[in-house]
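Participant: Sequences listed follow chains A, B and C, in order.
In this text, residue positions in the first sequence follow the numbering used here: the first is 1, and each later residue adds one.
In this text, residue positions in the second sequence follow the numbering used here: the first is 386, and each later residue adds one.
In this text, residue positions in the third sequence follow the numbering used here: the first is 621, and each later residue adds one.
Since the hints were made in silico from the structure, they are not lab data.
Among the clues, some could well be false.
[Said to hold, decoys possible] Where chain B lies over chain C, by a calculated footprint (3+ residues, C-beta under 8 Å): (1) 938–949; (2) 1279–1292.
[Said to hold, decoys possible] Which bits of chain A does chain C cover? Going by a derived footprint, with three or more residues having C-beta under 8 Å, they are: (3) 101–113; (4) 129–137; (5) 203–217.
C-beta: ideal position from N, C-alpha, C; glycine also.
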Amino acid sequence: MKGRRLQRVCLALIWVWIGTVIFWESRPSLGSDYLSVAGPCGFSFPEDHGAHPGYQTEWWYYTGNLNAEGGRPFGFQLTFFRRQIIPPGAEKGWPPHPSSWRAGNLFMAHAALSDVANGRFYWDEDMAREAIGLAGVRRGGGAIEVFLGRWKTAMGPSGHRLTAMTDRFSLDLKCVPRKAPVAHGRGGYSQKGVRPGSASCYYSITRLETSGALSVDGRNYNVQGMAWMDHEYSTAPLEPSLAGWDWFSLQFADETELMLYILRETDGSWSPASSGTFVPPSGAPQHLTRDDIEVAVMDRWQSPRSGAKYPSRWRIRVFPLQLDLEISPQLNDQELRLTRSMQVSYWEGSVKVKGHKARRPVEGVGYVELTGYAAPFDLLGQDRR
Amino acid sequence: MSRSDDPCVIEAHALTRIYPLENGGAVGIRDIDLYIRNGEMAVIKGNSGSGKSTLLALIGGLDRPSRGRIVVGGRDLTTASAAELTAYRRTTVGMVFQAFNLLPTLTALENVCLPALLAGMAYETTRESALNHLRELGIEKLADRYPAQLSGGEMQRSAIARALINNPSIVLADEPTGNLDSRNGEIVMRLLADLNQRQGRTVIVATHSALADPYATVQITLRDGMIAQRTPCNG
Amino acid sequence: MQRVTLYLRLFVWFNGRQLQRHPWRLSAVILGIALGAAVFTSVRLAVDASLDAFIQSIELISGKADWSVLGRGARVPEDLVARLKGDAAVETASPFVSTYVEAQGNDLPPFLLIGIDPILDYSLRTWELASFGPDQTASWLDLIRAPNTCLLTPTLAQALQRSSGDIVQLSHVRQIAPFRILGILKPQGLARVEGGAMAITDIATIQEFIGCQGRVDRIDLKLKPGTTEADLRRIEGALPEGFDLERPVETKETGEAMIRGYQLNLSVLSLVSLFVGMFLVYSLVSLNAAARRNELANLRALGASTDLIFLLILSEGIALGIAGWIAAIPIGSLLVQYLLAAVSGTIDSLFVRVQAVTLGPDVSEILLSFGITVGTSLVAASKPARDATRIAPKEAMIIHGSASQTPSRARGLWAIGLLLIALSWPLASLPPVGPFPLAGYVSASLLILGFSSLSPPLLRIMGSRLARPLRFVGGEPAFLAGRYVREAGSRTAISVGALITAVALFVSLVIMVNSFRYTVSLWVEQTLAGDFFLRPSMAGLNEYRDALPDDVVRAVQGMASDVDILPYHRLRLRHDKTPYELEAVDLKKLMSYGGFILLEGRMEAMRHPLFRGEGVLVSEVFANRSGLSTGDRYGAQIGKAVLDLPILGVFRDYRTHGGAVYMDLKAFQTLTGITAWGGVRFFFKDRDRDLEGATRALEARIRRCCAQSHPLEMAAGLELRREVLRIFDETFAVTTVLLLIALLVSALGIATTLTVLVLERLRQLNTLAAIGASPGQIRSMVFWEAVLMVAAGELIGLVCGFLLSSFLIFVINRQCFGWTFLYRIDMGTFAVSLPLILAAALAAALPAARLVLRASPAQALKEA
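Please construct the entire structure, taking both the sequences and the accompanying hints into account.
Facilitator: Structure (structure tokens):
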């Protein structure tokens, strides 16, 4: 009898130990350093639409394909970055009566517009510290707002309102989510490298019905279309062996979506952490691993500005889904060359998709992001002036 | 050459030059008629204030008459412009002064060259000629001395060389021996006579000394600004 | 070509060798010209250097900003930044805070600490890091993320002997705090401000350091291209009360105008030296021409044209000018170093902050000085050259009775002289051209010219009337001197004119400096009364933007037993474009210890309203610059508060950097809500005690209680007043030096012109000797002539000087600086100096007298 009780106690202890470990593992690690993502993220909305202080980098990413009257196509991108510049708890080291300018975060934003009909691509950037109303995340009118100057996204119960104004174009869009947010990886825990700490918390709203107005070079348009939202946060910089990534977000006519990211090693091969997510019309999303995906580059385009040779047509096969797709950009030149907010160049552009799914024809639109082709992508690296 | 056939080189009619004085009086020359032939050695005599220098100044183109006419070598000096008179002084006459009038900051040689340079000659050729003149007058060795380093006689001989550098047909001398002792005075007067007798130049000397008498071909005496006597000498 | 060689050869033979033979005369003239040219050029170069330093500083600080948002007498609230940045026409709105700080443990002068947001400021001002921190990764981002960090210029880093990673203790009245140096800047762009003595920090840090959280000095705006008037009005309209938009270039233009005005004033003063140098050229050239009259006649007789003669004499003048200009180069190089420091110091004291001025080669200035020097020499030599052409060739022969010049008797010089003098007064009251009192200087010149024209008639009168008394005093030579002077006429006008100018300048300068010092001393005793002064460290530099910390105020209030405490508050404001200081203080208490020197208004009539705060007192400078005076209303906006009070009176004030307005402290505090103290004056109640000892004790007390954590500026009243006087003496130093040089050149001029007059009459004088006058008698005659001329010159110069001093004090100073002084004559100085001038001028006549009898009369007569 004693032996059985001992056995049960040991088992219980083991379970406690395992539970503690799991609990411990999945808890974000605290201390005087930044938080790192070590397990499922435990998203809860709408709170998790807001900022996650403690994690060094965070971004809210909107891309979409729109049509004006007569079917004139546009592509847009609006991204907000939060970069924490002092570790959690460092505010205690601030002087008493700190200045309102003393900030823990820097905010950056990119906006881009592809005027496909005219073959023109516009982009702009901005940056500010999180102080005295220049930039930040706040609650207002029942919505969570991420803003920088006059650019903002207001995420509320009725939808996401995007506004951005640059010298040459402006956006004012209302995006209504048609599906619930999709957590990628394991509960949002998305591996971005081979090391355990190289991960982020990542979710997307894969289908947002969008309507609103945009203007470009003084001409106004009423537009409608479909947008995609990414929200990701982490502390891990890109592993040194990685040159950059190729990211695909595709929205099909049959109400399904596909997200893929290919992490490219410096030697040209893919990191095993590369993965993707397939979102059916309803029901749980399907996680895809590296081996489920094949991406072949069919064409290349060289940027006259940065000299980078970006892939400009792909053939993608997703084996478990029997997907065979051809993806082609609506414009060759959709490269953002940034000098102020960060010293990087990347390609982010509207694409068209067509192909077959289990021999049934499919088609759709999407956005592709290509980083690290001009120089190894160093988003979290130090900026030099 | 026969002098009596030569035309008059210097002609003056009713030549008058008056300088009014502050006390109401006047000095100068009045109504002078003058004929001097080419190749003559004329001696103008008179006391101080008789007008000798005034007359010489008019002949030399250094001054203009108040009234009357004076023609030298066919040129009417009365109507000549200032520039023409300047050119006349350079080329037609050579002047020798009582006070020597050498420029103290020029060497003897440079003083001699001066009229030629003013007339536009090149320095190198002039220098040669000047040295020759100095040699002829026996003072070649003094060429590079400044007037302050020369004696009275040496200065006057340099002045004569200067007067000759442009080969003038007329030489005017105003009391040339006034500042010299008798020995140097004789030397200078003989040199002037030489210019007349051997080189055939017209020489006019204004003086009150008797040193010139033996060489004169004509003597003109002035008193109170007018010609008192005109004596052609023998010859 | 032939003619050119002839001319050159003759120049060497005739002029060159002559100049060589009288090296002393030649040196005197060349020295005089060299001084004039050196002074003129150095002054201009020195001021140009200051101007460049100032403009560069302003341009570097304002960068590419189009407009700035400024508060009147208050800092700008920082929340305007986000609002302005949100305007569609604004490309960037960048906050700017700056303050002067000191590095503790160092004797270095205060340097500028600038606080900006590197992100917002990016497109406005340029600066770049030369080297990063020890770990090679620091950047502007570290400036933002870490409090109390800064970037230093290489100059400052070297002066402080620190480098990246080191700590430097920065001291400001609010606190002394350690700053970590993150990196060293490249010496370009913003890093060149203040001669490279500056540091950059983040805007958050500077606000925390100096305690101005919530506010910034100004917000600089860069507007998008294509911004319209309507956009500007919208932006300005959105600003709250008390804040305006202003162009940075206005600050630059105002300061530039002030410096250029000062430069013009100094240039004119230095031109005096140059023009007096003209006298020198004139005298030497005419001396030479006069002495060699016979030689010139000879040249004419030998066939030289009048053109050639003219050219030869003129060339002598030009050659002197060129030689003088070349000699000016070493003199100028020395002078400019002194002037650079003195001039930039004056500009810094009186006008705008100018630091670390360096001299750059300026071809245009050098060409200008060459042109002016040679030009004036040319003008000076032109009269003798023209006169030389009138020498008749017949003068080569001695023709009795034809003696030449009858002295030109310019009739009506009386009338011309009096007319010029009469014209000068109304001309003087014309308004200035900008800050340059053109009319004032023209009328001063007319005055001097007018008085100079009076000298021949005066000499004529002196010669006739004084002839008999002269015979009584000095015998026959004196009598003859009187006769000569009577006949000499306008030939003496120029040399006597030189003396008149010199004496007039001297007299007017002495009176002006004396009046100024007297008035300033009075002001300092009355308006700057106080036994002890306390204010925040670098308060003046920081324009009184920082108040005394509260604990200091409390400690001082606790000392009220044996001292009368007079707190004050000062604000730097602007009325239209003119800057001034508003000082709020308990006027009743101030008047019991000191006072104001009133220009307008009577103290009895204004006491009550003034003490109750129902009116203000304004300074003379403020009244002149703003056009307001007694009876007008004074208005100012301070933050949200509006002041609107009548002007009760105008007082004399000599503080630098603009005008002043005084009002009662309580009324000020009530109207504006500003209760902070800008500083404190202490008066000991018992005036019979040992004030010096008590002051020292007070200083020790304050040092113990308050100065440990708060750098404070303390000064004993006596020291402060002495310092103020010293600054004024310094600013006058430059003017004094320039005028002394003018005097020196005049002295040289007088000596040479007297010599000319003697040599012109050498024959006459030698004739006198030949007929039996002894050398002593002849020298005595020349001497008496000099006495008469110098006496006439001094007398006229004295009268002219008195009138000129009124011009300087009441017109030129008023137009340049806005102030006037109480007229005061120091008899003592004149009693000593006027005889000295007489003696000096007569000593200058000695060489002339000696010249007369160098050779035996007969020889001289023969040679003459």
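Participant: Taking the numbered hints from earlier one at a time, note which ones the structure violates and give those numbers from smallest to largest.
Facilitator: 1, 2 and 5
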